[in-house]
Structure formats: C-alpha cells, structure tokens
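Visitor: Sequence:
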Amino acid sequence: MTGRRRKISRRAAASQQGGFTLIEILLSSAIIASMMTLIWGSFSISARGKKRAEEIADRYYQVRQALGRMAREISMAYLSKNDQPGKVWPRTFFISERNSKGDSLMFSYLGHVRLRENAKEGDSAIVRYFVEPDIDDRSQLNLMRAETRRLGEERPDEAGSVNVLLENIEEIHFEFFDEQANEWREVWNTRSADGQPDRLPTKIRITVVIRDENDRPMTVTSATRIFLQNPLWFSTPSQ
12 MTGRRRKISR
22 RAAASQQGGF
32 TLIEILLSSA
42 IIASMMTLIW
52 GSFSISARGK
62 KRAEEIADRY
72 YQVRQALGRM
82 AREISMAYLS
92 KNDQPGKVWP
102 RTFFISERNS
112 KGDSLMFSYL
122 GHVRLRENAK
132 EGDSAIVRYF
142 VEPDIDDRSQ
152 LNLMRAETRR
162 LGEERPDEAG
172 SVNVLLENIE
182 EIHFEFFDEQ
192 ANEWREVWNT
202 RSADGQPDRL
212 PTKIRITVVI
222 RDENDRPMTV
232 TSATRIFLQN
242 PLWFSTPSQ
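Reminder that position 239 of the sequence shown reads as 250 in the working numbering, one-by-one numbering, no gaps.
I should point out that these hints are in silico values taken from the structure, not numbers from a laboratory.
Model, not experiment: these values are computed from the prediction.
Incorrect hints may appear among the rest.
[What the hints assert, rightly or not] Only pairs whose alpha carbons sit at most 30 Å apart, straight line, appear in this in silico BS3-like list of lysine-lysine:
1) K214 / K92
2) K112 / K214
3) K92 / K131
[What the hints assert, rightly or not] Restraint-style ranges between C-beta atoms, simulated for each label pair:
4) R222 / F245: 42 to 52 Å
5) R63 / N200: 19 to 29 Å
6) N110 / Q240: 35 to 45 Å
7) E224 / K131: 38 to 48 Å
8) D205 / N241: 16 to 26 Å
The beta-carbon is built from N, C-alpha and C at its ideal position, and this holds for glycine as well.
Required output: the full structure, derived from the provided sequences and hints.
Guide: Shown next as structure tokens:
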C-alpha cells in the first residue's frame with residue numbers, strides 16, 4: 012500500500028507542475044491584451060499619418076496643377092485688330108478686375124481644344140477666372156474657370172462651360188507688368204481708353220492664398236509670360 016500511495020502522489024505532483032493556475036492565465040491574457048493594444052495603436056497612428064500625408068500631398072498637387080494651367084493658358088493670350096466692322100466691343104481683349112478676396116480675369120487666347128468632331132469651333136476662345144462660394148458650403152470660396160466655344164459671344168462673362176479649378180481658397184490676385192511704365196499693375200483693361208488698349212502685359216504674376224496642414228494661411232505664387240505681345244493684324248493684299 013505504501014508503494015501505491017507514493018506512485019499516486021508522484022502523479023498528482025507531476026500533474027500540478029505541468030499546468031497553469033487561473034491567476035497565471037489571467038495575467039498572461041492581460042499582458043497579451045496590452046501588447047495587442049499597443050501594436051494596434053501604433054498601426055492606427057501610422058495609418059492616420061499616412062492618410063494625412065496623402066491629403067496634404069494631394070492638396071499641394073491640386074494647387075500646382077491649377078497654377079500651371081492658368082500660367083499656360085495666360086501665356087497664349089492674344090489680341091487681334093482683324094475684327095468685324097462696326098463692332099462696339101472687340102472680340103479679343105484682356106480684362107482684369109480687382110477684388111478684396113478674389114480677382115477676376117477674362118481674356119482671349121489661342122488654346123481652345125475641340126472635343127467633338129466637326130464642331131464649329133476654332134483654336135481661339137474666351138477664358139475667364141473668378142471666385143464664387145461653394146454650392147454646399149457658402150463660407151468656402153472656389154476658384155472657377157469658364158471657357159466659351161468661340162469668340163464673338165455677346166456676354167462672355169455669362170457664357171461657356173464653368174468648372175471648379177481649385178477648391179477652398181482664401182484669396183487669389185493677379186499682377187501685370189507694364190513694360191512701358193516699368194512697373195507692376197493690379198488691373199489691366201484693353202477695352203478701356205484710360206487702360207491699356209491694344210497692349211498686353213509682358214509678365215503676369217498669380218498669387219493664391221490657401222490654408223496649410225496647420226490651418227494657417229499659406230501664399231503660393233507663380234508667374235508667366237505672354238508670347239504674342241503685338242496685336243495680330245492681317246491686311247488684305249491690294250489687287
């Protein structure tokens with residue numbers, strides 16, 4: 012009987028040494044849960060940071076694209092003296108208006124692209140940049156772009172397709188370099204007698220103010236040059 016009891020006690024001791032108590036299991040679970048929480052928190056912070064960085068990069072990309080497009084289109088502005096007889100207003104012009112929050116600019120240019128086959132459109136059209144409140148959030152200003160399909164619109168400031176060029180801006184301003192006066196001007200008007208008739212600015216500076224990632228005003232500036240300085244004038248050869 013003594014030998015049998017010893018065997019049973021040895022088996023019981025072995026079984027007790029090979030298992031875990033309830034406290035040990037709970038403690039291990041708490042440690043694992045804490046480690047998983049830390050790991051998840053780290054992944055969550057990394058994911059938010061990556062998303063934020065992508066949003067910032069996308070925002071700056073939109074600004075660069077908008078400024079690049081405006082600079083390219085303004086560089087193709089032109090004037091022409093070959094107009095219809097008796098026309099009150101010339102079909103080609105370059106007009107800007109100064110406003111506290113957003114200037115407007117309207118001009119004729121040689122960069123129109125026909126999107127439909129056999130469309131009765133040419134390479135010239137009227138482009139207009141202006142700001143207006145967002146449809147969903149009236150406190151937000153958007154930079155808009157409108158383009159007519161051809162010259163000769165009676166009210167080019169009301170015609171053409173309108174699209175958002177850049178969302179959520181604070182301000183936009185244009186400056187024009189007058190080579191004759193050797194100075195920068197805030198407005199330019201080729202239709203006004205006291206403006207700059209039959210004359211385009213040599214250089215144009217575009218300044219856009221947006222909010223950066225820290226919600227602080229940030230100014231972005233671009234510049235371009237107009238290639239066709241003199242108005243086009245094709246005289247009819249004498250017979």
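Visitor: Each hint needs a verdict: does it hold in this structure or not?
Guide: Results for each hint:
1. K214 / K92: holds (22 Å)
2. K112 / K214: The given pair, whose Cα atoms are some 22 Å apart, holds under the 30 Å limit.
3. K92 / K131: holds (22 Å)
4. R222 / F245: 42 to 52 Å: At roughly 48 Å between Cβ atoms, F245 and R222 fall inside 42 to 52 Å, so the hint holds.
5. R63 / N200: 19 to 29 Å: violated (44 Å)
6. N110 / Q240: 35 to 45 Å: Given range 35 to 45 Å: violated, Cβ gap about 27 Å.
7. E224 / K131: 38 to 48 Å: Hint holds: Cβ distance 47 Å, inside 38 to 48 Å.
8. D205 / N241: 16 to 26 Å: Given about 21 Å between the Cβ atoms, the range holds.
Of the numbered hints listed earlier, those contradicted by the structure are 5, 6.
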